[in-house]
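These protein sequence lines map, in sequence, to chains A and B.
Per my numbering, the first sequence starts with residue 1, numbered consecutively.
Per my numbering, the second sequence starts with residue 1001, numbered consecutively.
Hints are supplied without guarantee of correctness; some may be wrong.
Unchecked claim - Computed list of lysine-lysine pairs in DSS-like fashion (alpha-carbon distance at most 25 Å, straight line):
{"no.": "1", "chain 1": "A", "residue 1": "Lys100", "chain 2": "A", "residue 2": "Lys90"}
{"no.": "2", "chain 1": "A", "residue 1": "Lys159", "chain 2": "B", "residue 2": "Lys1226"}
{"no.": "3", "chain 1": "A", "residue 1": "Lys159", "chain 2": "A", "residue 2": "Lys140"}
{"no.": "4", "chain 1": "A", "residue 1": "Lys186", "chain 2": "A", "residue 2": "Lys140"}
{"no.": "5", "chain 1": "B", "residue 1": "Lys1025", "chain 2": "B", "residue 2": "Lys1168"}
{"no.": "6", "chain 1": "A", "residue 1": "Lys137", "chain 2": "A", "residue 2": "Lys186"}
{"no.": "7", "chain 1": "A", "residue 1": "Lys136", "chain 2": "B", "residue 2": "Lys1126"}
{"no.": "8", "chain 1": "B", "residue 1": "Lys1126", "chain 2": "A", "residue 2": "Lys100"}
Unchecked claim - Among chain A residues calculated to face chain B with C-beta under 10 Å, some are:
{"no.": "9", "residue": "Leu70"}
{"no.": "10", "residue": "Leu102"}
{"no.": "11", "residue": "Arg106"}
{"no.": "12", "residue": "Met111"}
{"no.": "13", "residue": "Phe113"}
{"no.": "14", "residue": "His115"}
{"no.": "15", "residue": "Phe116"}
{"no.": "16", "residue": "Phe119"}
{"no.": "17", "residue": "Pro120"}
{"no.": "18", "residue": "His121"}
{"no.": "19", "residue": "Thr130"}
{"no.": "20", "residue": "Val135"}
{"no.": "21", "residue": "Lys136"}
{"no.": "22", "residue": "Arg179"}
{"no.": "23", "residue": "Ala180"}
{"no.": "24", "residue": "Met183"}
Hints were generated in silico from the structure; no laboratory data involved.
Positions of the beta carbon are idealized from the N, C-alpha and C atoms, including for glycine.
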Amino acid sequence: MAELVKEMKQSITPKRGAKPIVEYKDVYKSFGEVEVLKGLNLDIFPGEKVALIGPSGSGKTTIIRMLMTLEQPTSGEIIVDGTDLWHMKKNGKTIPANEKHLREVRGDIGMVFQHFNLFPHMTILENCMTAPIQVKKESKETARERSVEMLEKVGLGDKLDNYPSQLSGGQKQRVAMARALVMRPKIMLFDEVTSALDPELVGEVLEVIRDIAEEGEMAMVLVTHEMDFALEIADRVIFLDDGVIAEQGSASEVLEESDNERLQQFLYRFRS
Amino acid sequence: MEFYFLYMGVIIINAIIEVFPVLMKGIHITITVFILSVIFGYLFAFIAGLCRLSNNIIIRSTTSFYVEIFRGTSLIVQLFWLYYAIPMLFNIGIDNRLMAGVLAISLNYGAYMSEIVRGSILAVDKGQTEASIALNLTRFQRMRLVVFPQALRMMLPEFGNYLIQMLKATSLVSLIGMTDILYHGNILRSTNLSMAPTVYLLLLVFYFIMALPLIFLTRKGEEISKRGVANG
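Chain A with its partners taken away, still in its complex shape:
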């Protein structure tokens, strides 16, 4: 069975030969004295679904937050679609990126947060419409139409004019996904999106992520504690420990066959 899953995963693993859409090159990140990432090297390919797992404090969330430009790496490079995210060239010299450069490069990246971060003063339709109108300069009609379509897709077509405070956690997280998807990102980042939910609401959110994953076009990076879910949808599972990649491979390789001791301990805690 494991063999079969492994084979299937490999057959759908995206074009490894293709150019990676995101490259981390020797990335270090410290918060004050604490070094969270110690030389990360990681390529993510177009359409690839990557799950990041590891004990808390291992730097999983920091990895995707740096890609979303929410944290700046201490050193190293993050290349997005061929362009250095955190540096720009000026008069032949490489200097730290300014806001304009960051905006240009991060345009294809979307993110969903652990605590939803919906805008509480806007209806859920406005939550979705705002960015397409303001950032992509879409007409109000187009933005509205696409937002409604996306909200229907996540099963909230009947809540368009509700405010976030009127929704359950699971519904909020589905709105957050619709809001990100309306921007048509090439890379979607999921930061422990089910961790703040009541257990009975986790399923509906995973369902939506599964649907998105099946469409296949977007690269997805999931920081998650849902091991079974990672096994199901991820092309590649990466185990982070103490600021470095300790183990990576297809879901079955990492979750079932690895003999990395730290990984075994970590998984044991989850499965008990």
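Following the hints, complete the assembly by docking chain B onto the known chain A.
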């Protein structure tokens, strides 16, 4: 005995009839100073509050200097500075009483309220900014569409309180010779000392009646505020 009370009653009613129209002469000044002070006060509050959050250290420290000076000194002295001292020192004119009065009140309360603006903006959840970065909004759009509208809801109750305080502060302009209700009341009392209780009683009533709609507005502000900051 009964006659005495009747007598007193007639005197009081007579006095009120006499004082009321005199005070009414000053009401338009009080209201003008108040409305202009509110407009400029909020304007200074927003400008200073946003400047104190600037990345530019010069802007930030200049604004802090303004805020601390105006919070740390007396409003009456500031008023006298603007009206008497500055025109003399620089030979340029705030010889306009209205301008001096409005500037003193609005700069003073603007300084206080800038702290509310700054505090409210800082109090908006960081996740809101992060979400709007993830949607690739510009720095200005993030402030205008996401952070500021939420901060404004937090500012409302405090803003209401300062509205009432500004109304009461307008009485100080009588000290630079503006003919507001207090000025007219003082003139009347100085010509007829026995009027004092009636004059000052009526003045209290005047200020209180003007404050009533503001108290109501503040309540409204608190309600909106409670509704607006529910969790996202």
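Going through the hints against the structure:
1. This hinted pair checks out: Lys100 (chain A) and Lys90 (chain A) have alpha carbons roughly 13 Å apart, not beyond 25 Å.
2. A hinted pair counts as satisfied when its Cα atoms are at most 25 Å apart, and Lys159 (chain A) with Lys1226 (chain B) qualifies at roughly 22 Å.
3. A threshold of 25 Å between alpha carbons decides the hint, and for Lys159 (chain A) with Lys140 (chain A) the separation of about 19 Å falls inside it, so the pair holds.
4. Restraint check for Lys186 (chain A) and Lys140 (chain A): satisfied, since their Cα atoms lie roughly 23 Å apart, inside the 25 Å limit.
5. Proposed proximity of Lys1025 (chain B) and Lys1168 (chain B) is supported: the alpha carbons are some 18 Å apart, at most 25 Å.
6. For a cut-off of 25 Å, the pair hint linking Lys137 (chain A) to Lys186 (chain A) stands: about 19 Å separates their Cα positions.
7. Of the pairs offered as hints, the one joining Lys136 (chain A) and Lys1126 (chain B) holds, with about 24 Å between alpha carbons and a cut-off of 25 Å not exceeded.
8. For the hint pairing Lys1126 (chain B) with Lys100 (chain A), the CA-to-CA distance comes to about 21 Å; that is within 25 Å, so the pair holds.
9. Annotation: interface hint on Leu70 (chain A) holds; nearest CB of chain B at approximately 5 Å, less than 10 Å.
10. Residue-level restraint check for Leu102 (chain A) holds (minimum Cβ-Cβ distance to chain B is 9 Å; threshold 10 Å).
11. The restraint placing Arg106 (chain A) at the interface with chain B holds, with a minimum CB-CB distance near 6 Å, inside the 10 Å limit.
12. A cut of 10 Å between beta carbons decides the hint on Met111 (chain A): the least distance to chain B is about 4 Å, and the hint holds.
13. For Phe113 (chain A), the interface hint holds, since its Cβ comes within 10 Å of a Cβ in chain B; the closest pair sits about 6 Å apart.
14. Because the beta carbon of His115 (chain A) sits about 6 Å from the nearest beta carbon in chain B, less than 10 Å, this interface hint is met.
15. At about 6 Å, the closest approach between the beta carbon of Phe116 (chain A) and any beta carbon in chain B falls short of 10 Å, and the interface hint on this residue holds.
16. Hint on Phe119 (chain A) holds. Least Cβ distance to chain B is approximately 6 Å, under the 10 Å limit.
17. At a threshold of 10 Å, the smallest CB-CB gap from Pro120 (chain A) to chain B is about 4 Å, leaving the interface hint in force.
18. For the restraint placing His121 (chain A) at the interface with chain B, the shortest Cβ-Cβ distance is roughly 5 Å, inside the 10 Å limit, so the hint holds.
19. Checking Thr130 (chain A) against chain B by beta carbon gives a least distance of about 6 Å; that is within 10 Å, so the hint holds.
20. With its C-beta approaching chain B no nearer than about 5 Å, Val135 (chain A) sits inside the 10 Å limit, and its interface hint holds.
21. Interface restraint check for Lys136 (chain A): the shortest CB-CB distance to chain B comes to about 9 Å, inside 10 Å, so the restraint holds.
22. Because the closest C-beta pair between Arg179 (chain A) and chain B is about 7 Å apart, less than 10 Å, the hint holds.
23. Satisfaction of the interface hint for Ala180 (chain A) is found here, the shortest Cβ-Cβ separation to chain B being roughly 7 Å, below the 10 Å cut-off.
24. With a cut of 10 Å, the hint placing Met183 (chain A) at the interface with chain B holds, because the nearest CB-to-CB distance is about 6 Å.
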